[in-house]
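J.: With the hints as extra help, turn the sequences into a complete structure.
Chains as they are written, first to last, in the numbering used here: chain Z, 182 to 340; chain C, 391 to 809.
FYI, nobody ran anything at the bench for these hints, they're computed from the structure. Backbone N, C-alpha and C fix where the C-beta goes; we use that ideal spot for every residue, glycine too. Please note: incorrect hints may appear among the correct ones.
Anything over 10 Å on all C-beta distances counts as not near chain Z; from chain C, calculated [said to hold, decoys possible]:
hint	residue
1	Thr569
2	Asp641
3	Arg714
4	Ser738
If you want the footprint, here are the derived chain Z segments under chain C, 3+ residues with CB under 8 Å [unchecked claim]:
hint	stretch
5	206-212
6	234-246
Simulated restraints, written as ranges between beta carbons of each label pair [stated by the list, open to error]:
hint	chain 1	residue 1	chain 2	residue 2	range
7	C	Asp473	Z	Arg313	53 to 61 Å
8	C	Arg627	Z	Asp326	40 to 48 Å
9	Z	Glu213	C	Lys730	20 to 28 Å
10	C	Asn726	Z	Ala212	41 to 49 Å
11	Z	Met182	C	Tyr445	26 to 34 Å
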Amino acid sequence: MKVSGPALIVGDDINTDVIYPSKYLAVSDRAEQALHAFEGLGADWPAKVKAHPVLIAGWNFGCGSSREQGATAVLAAGVKLVVARSFSRIYMRNCINNGLAVVESDDLVSAAEPDGIVEADLVAGRAKVANRIIRFEPLPQHLIDIIHDGGLLARLKKG
Amino acid sequence: MRQTLAEKILSRASGAPARPGQFIEAAPDWTFLIDTSVRVILGHLAKIGLDKLPYPERVAVFYDHYAPADNVANATDHRNGRDFARHQGITRFYDVGTGISHQVVAEKGLVQPGQLAFNTDSHTTTLGGLSCFGTGLGAAEMAYVWATGRIWLRVPQTIRVVLKGQLRPLVDCKDVMLTLLGKLSSRAAIYRAVEFHGDAIQHLPMASRLTLCNMTTEMGAKVAFVPFDNVTQEHYRNLGIDVDGSLGQPDDGATYEKTVELDLGEVVPSVACPHTVDNVRPAQDVKAVPIHQAFLGTCTNGRLEDLRAAAKVMKGRTVAAGVRMIVTPASRDVFNAAMKEGIIADLSDSGCVITTPGCGACCGVHMGLLGDSEVCISSGSRNFLGRMGNPTSSVYVASPATVAASAVVGHVIDPRMLV
Chain Z
182 MKVSGPALIV
192 GDDINTDVIY
202 PSKYLAVSDR
212 AEQALHAFEG
222 LGADWPAKVK
232 AHPVLIAGWN
242 FGCGSSREQG
252 ATAVLAAGVK
262 LVVARSFSRI
272 YMRNCINNGL
282 AVVESDDLVS
292 AAEPDGIVEA
302 DLVAGRAKVA
312 NRIIRFEPLP
322 QHLIDIIHDG
332 GLLARLKKG
Chain C
391 MRQTLAEKIL
401 SRASGAPARP
411 GQFIEAAPDW
421 TFLIDTSVRV
431 ILGHLAKIGL
441 DKLPYPERVA
451 VFYDHYAPAD
461 NVANATDHRN
471 GRDFARHQGI
481 TRFYDVGTGI
491 SHQVVAEKGL
501 VQPGQLAFNT
511 DSHTTTLGGL
521 SCFGTGLGAA
531 EMAYVWATGR
541 IWLRVPQTIR
551 VVLKGQLRPL
561 VDCKDVMLTL
571 LGKLSSRAAI
581 YRAVEFHGDA
591 IQHLPMASRL
601 TLCNMTTEMG
611 AKVAFVPFDN
621 VTQEHYRNLG
631 IDVDGSLGQP
641 DDGATYEKTV
651 ELDLGEVVPS
661 VACPHTVDNV
671 RPAQDVKAVP
681 IHQAFLGTCT
691 NGRLEDLRAA
701 AKVMKGRTVA
711 AGVRMIVTPA
721 SRDVFNAAMK
731 EGIIADLSDS
741 GCVITTPGCG
751 ACCGVHMGLL
761 GDSEVCISSG
771 SRNFLGRMGN
781 PTSSVYVASP
791 ATVAASAVVG
801 HVIDPRMLV
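T.: Okay, structure coming up:
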């Protein structure tokens, strides 16, 4: 499973109130959710997220609430891969279980540059960034399968 | 193999010895849902075409985040959730005013020591006070668990926190957790289990234990435990429920990733300053900050003991001019007990606004939102940017005593300075 695209870089301890403010919890249409992705950082952020298929974050990304809109809004905005130095566990599960690829890698985050192209091979555990090859620990195959199928429920439906 | 409590519970729930780092599939004993997840999960269930839940007896539903409903859309969600529960034969349904899910679970003795419970709320670690494995999930995953009765989990490493000594007056377990967050950071326990040990534990009542475990979420913990002991036994005995305490105890000689020690006698009233929960300072160092709102409540600190502590500080005093103080009991049982003790009357006499039990102002969706550039001191768990509904506002997180003292003087203050 391969993903590539320009990177949007965010900092440490980015929480779910910032990623998806609670005032939009009632929005169930994912395309509309996407219009508020990262709005907590400023009104221009949803457009930035939309323009970057790869999101690069620091430590403790997605800390806070269990709201899965934090993952589904980002996914609906067109993000294909989230890389972080570390993830908050519920956020990481929400990504995988809704079909959004995640990589936990300090090295990859350090190597990434704003708007630079990241090409990641999730199964091989290898990414190309700024002409460098970075290796990372791939997710177990059964989690990659969940992502590949579009999430836990899509996989369940497939049978 | 000698196991930590997390390993022990996951071994039982998966039917095979669980080792840290391993991925397992387990059968949960309980799967809880809160009102903010109703709309999302009903959408998921419709998409996968699941009409009848195979295990409705493992489900409980709690209306706590926007209860009573604050707008028509949420009222309709509430209505749809009630219809759904009736259709599915979900008998454990806790409607508007019953209280916050975690508190109600503890009061009703819904979960037992050694059980595995999930809830679509991040503060489900609270259940560790009952020696139960509790953790949060998103709604898609909950739909999957409801459909299959199974869940995938990574077995966590366990951090042992050893608490020694005794708390000083006007210092409580919230200050303990803020102190630990300040020392260790909000990333200290990501994907880890936390077990609380040490001589100090035996003196801590259930309310304090729930607070300890609740706040480990802010360290990133997957789950937390106070191992089963006389206090846990007493809690279930009072509820008339027989439990097997051995299921809620780790093995002697289990392997811990690391051990952290804290002398409770050294803990002082503390405050988490904006906008991260590990930006912690002694309350006496932030006294110059004026506040507009004080909020007492939440699954962290909305219990009877917390209301009692605040009322004691405020007795004979009133909320400062220009400040509003909102008191939201964690549950109806807390509300009723506080009424019988005269605490509600005392708080009201002091100028507090008493609201329906539930999550209240904490999550920024219902009641007690902040205006532009306003400052709130809260007994809740989080002070993230925009947490209480407004990205230009600021939230300081502190103990009930510190919140009450600050409401009286109109700025953040160490409660010991007031008496």
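J.: If a hint holds in the structure, say so; if it doesn't, say that too.
T.: Here's how the hints hold up against the structure:
1. The claim that threonine 569 of chain C lies off the interface holds: its Cβ sits roughly 19 Å from the closest Cβ of chain Z, which is beyond the 10 Å cut-off.
2. At roughly 24 Å, the least C-beta separation between aspartate 641 of chain C and chain Z is larger than 10 Å, which holds for a residue marked as non-interface.
3. Distance to chain Z confirms arginine 714 of chain C as a non-interface residue, since its nearest Cβ pair spans about 20 Å, more than 10 Å.
4. Consistency note on serine 738 of chain C: stated as away from chain Z, and its beta-carbon is indeed over 10 Å from all of that chain's, at 28 Å minimum.
5. Proximity of the stretch 206-212 of chain Z to chain C, defined as three or more residues with a beta carbon under 8 Å from a beta carbon of that chain, is established by the 3 residues found.
6. Counting residues of the stretch 234-246 of chain Z whose C-beta sits closer than 8 Å to any C-beta of chain C gives 5, which meets the bar of three, so the coverage hint holds.
7. Distance hint check for aspartate 473 of chain C and arginine 313 of chain Z: the Cβ-Cβ separation is about 56 Å, which falls inside the suggested range of 53 to 61 Å.
8. Hint check: arginine 627 of chain C to aspartate 326 of chain Z, Cβ distance near 47 Å, so the stated range 40 to 48 Å holds.
9. As the Cβ distance of glutamate 213 of chain Z to lysine 730 of chain C is approximately 47 Å, the hint placing it in 20 to 28 Å is violated.
10. Checked against the hint of 41 to 49 Å, the pair asparagine 726 of chain C and alanine 212 of chain Z passes, with Cβ atoms roughly 46 Å apart.
11. Take methionine 182 of chain Z and tyrosine 445 of chain C: their Cβ atoms lie about 33 Å apart, and the range 26 to 34 Å holds.
Of the numbered hints given earlier, the model fails hint 9 alone.
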